[in-house]
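K.L.:
Generate the whole structure from the sequences, applying the supplied hints.
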Amino acid sequence: MKPTGKALQVRKTTEPVVRPSIGLALGGGGARGLAHILMLEVFDELGLKPAIIAGTSVGAIFGAAYASGLSARLIRAHTEEMLGQRFEIVRQLLSARAEPMLKILNILPVRAALLKPEALLEYLLPSKVARDFAGLQIPLKVVATDFYAQEQVVVGEGPLRAALAASIALPALFTPVTIDRRLLMDGGLVNPLPFDIISGEVDITVAIDVSGASMGPGKHPQPSAFAALMSSSQILQRSIVREKLKARQPDIYIDVEVDEFYVLDFHRFKRVLAAAAPAKEHLKRQLARVLSSHTAEALPAVTAEASARPPPRKRRLSSLKRLTRAGKT
Amino acid sequence: MSAPGPRIGLALGGGSARGFAHVLMLEAFDELGVKPAVIAGTSMGAICGAAYAAGLSGAELRHELIAIFGKRRQFLKRLAGKLGGGFSNLWSLRFPSVLDNVTLFEMLLPDAMRCSFDALRIPFVAIAADFYAIEQVVLDRGPLIPALAASSALPTLARPVVLDGRVLIDGGYVNPVPYDVIMDRAEITVAVDVTGDTRRRPGVKVPRTLAAVTGATQILFHSITREKLKSIAPDIFIRPEVGGFGALDYFKVQEIFHAAEPAKANLKIKLHQAITAAS
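In the order they appear, the protein sequences are chains A and B.
Throughout the first sequence, residue numbering follows this note's numbering, covering 2 to 330 in sequence.
Throughout the second sequence, residue numbering follows this note's numbering, covering 20 to 298 in sequence.
A couple of the hints might just be wrong.
[As the list claims (entries may be wrong)] Cut-off 30 Å, straight-line C-alpha distance, at most; resulting in silico cross-link-like pairs (DSSO-like, lysine-lysine):
no., chain 1, residue 1, chain 2, residue 2
1, B, Lys-249, A, Lys-247
2, B, Lys-287, B, Lys-249
3, A, Lys-281, A, Lys-50
4, A, Lys-247, A, Lys-285
5, A, Lys-247, B, Lys-289
6, B, Lys-54, B, Lys-289
7, B, Lys-224, A, Lys-117
8, A, Lys-281, A, Lys-271
9, A, Lys-129, A, Lys-247
Because the hints were derived from the structure by calculation, they are not lab data.
P.N.:
See the structure below:
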């Protein structure tokens with residue numbers, strides 16, 4: 002919650018009603034990322050607008066739609082339509098991917114006859130989504146992975162669809178995307194929760210983690226090899242997030258509990274959203290809390306009620322601790 | 020017998036075939052006459068670390084590995100004979116199990132390693148990941164081989180191992196270079212990371228699908244380690260130049276040994292310096 006120099010200047014020169022700037026980071030996690038729609042609804046319902054959005058993979062897609070000026074309600078309706086009955090073909094396309102993937106790992110030499118992510122996006126995205134980063138109403142940073150350099154690439158300008166395609170290009174599912182002579186893949190390989198790339202530019206950083214919570218230790222069936230494969234990249238992304246949070250934390254961390262869903266369960270739209278409903282309420286409370294304390298800081302006269310409130314960090318830390326503690330067993 | 024000098028903790032990371040580089044790091048300890056006080060290992064790092072903790076020298080481990088993997092045809096014959104089926108059976112994802120690590124290790128690992136943790140000459144822990152809880156499990160008791168099998172049960176290649184009612188997979192999924200679990204037991208912590216591609220060849224050539232998948236997994240392992248280093252770092256961090264080898268390049272054992280030579284020399288210098296500085 003360190004205000005940037007820029008924000009401080011604003012406070013000095015304008016009325017104290019100025020609100021702190023919010024950076025929103027939407028993480029990667031395949032179908033679990035459908036939960037991001039609910040988080041965007043929170044911003045609409047509270048009448049807040051992020052100053053900047055960072056997104057990885059599915060988070061980049063929803064971030065781009067929102068940054069283009071689409072309301073969360075519109076994004077929800079469009080997504081539901083795309084994944085619903087009318088677009089049976091999309092569902093089949095996504096679920097059909099599972100079968101070639103089996104073959105790929107079954108017989109080693111299979112050529113890269115995979116889905117082009119640009120083509121899929123062209124089909125899936127609403128036409129109102131900007132063609133270029135320059136056309137966005139909210140600045141957006143999209144995370145991808147340079148396959149050969151093994152490092153993060155942040156794309157914040159140029160053609161938007163190519164950047165989004167790179168960010169979602171999960172190997173074995175999509176073909177990689179070349180931008181600026183770099184071969185790019187899914188940003189989740191390096192940064193599944195990209196709050197760190199925007200935290201320096203805003204007062205409050207909000208991170209939405211859809212990398213999936215655990216199902217808890219104890220008795221579970223032996224996973225099939227396919228289930229193990231689908232879950233394994235998720236576990237790795239979870240581990241990256243866990244290590245990342247040990248060194249640095251966002252101001253608001255929302256761990257969306259959608260753990261029972263596989264990466265490709267896009268057809269279970271309603272169920273993912275239902276599972277994420279408590280996270281939406283959590284974000285709403287956290288935002289209201291943090292904003293009231295920030296506004297209280299900015300206002301010369303602090304009301305007794307506001308100052309009596311517990312510091313906003315507490316609740317957030319409890320869920321953070323759960324996550325980081327799990328790594329120390 | 021208590022050794023003089025600072026206590027050294029050695030963490031050997033996961034990386035499948037690239038982990039053969041650990042053998043040279045163990046040779047470095049032998050050549051300096053230094054014995055680690057505790058060893059932690061993940062996946063291939065667990066196998067090499069356990070072998071050393073069981074009393075094999077670095078040179079002996081080198082010979083064992085060359086005997087197993089040095090000649091591809093012999094290995095395949097041996098394995099196919101034991102499995103009694105075609106090689107494609109090993110890879111089938113239609114079955115819930117792929118490769119059974121426990122059986123494989125019982126077959127391949129030297130007799131000295133058929134023991135329990137408490138019979139080891141150097142305290143040793145192996146790292147595995149609880150598949151459902153998505154958390155780290157530190158294995159430090161009971162029979163050694165099932166623990167090593169769990170620590171290196173890479174999904175799609177090997178069947179998860181059930182220990183104490185927990186479904187365990189490769190420890191690399193939660194802690195690819197487990198130096199943090201032994202830092203409080205040593206004055207000097209040495210970590211050997213074989214997850215990264217240090218050659219960094221930039222390019223735009225589209226990899227074949229399998230190469231893309233294994234490459235992506237390597238990047239994920241690497242990302243965990245990179246993030247971990249931001250909050251906690253070992254005293255000595257060694258990254259042998261083996262990134263150019265594939266995870267499944269087991270039969271390139273000799274080339275991997277060769278590629279790890281500079282890292283071995285580097286480790287000897289750093290280890291000597293650290294011990295001198297500490298005493």
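K.L.:
Evaluate each hint against the coordinates.
P.N.:
Results of checking the hints against the structure:
no., hint, result
1, Lys-249(B) / Lys-247(A), "8 Å, holds"
2, Lys-287(B) / Lys-249(B), "25 Å, holds"
3, Lys-281(A) / Lys-50(A), "16 Å, holds"
4, Lys-247(A) / Lys-285(A), "25 Å, holds"
5, Lys-247(A) / Lys-289(B), "28 Å, holds"
6, Lys-54(B) / Lys-289(B), "15 Å, holds"
7, Lys-224(B) / Lys-117(A), "16 Å, holds"
8, Lys-281(A) / Lys-271(A), "14 Å, holds"
9, Lys-129(A) / Lys-247(A), "39 Å, violated"
In summary, the one numbered hint that this structure violates is 9.
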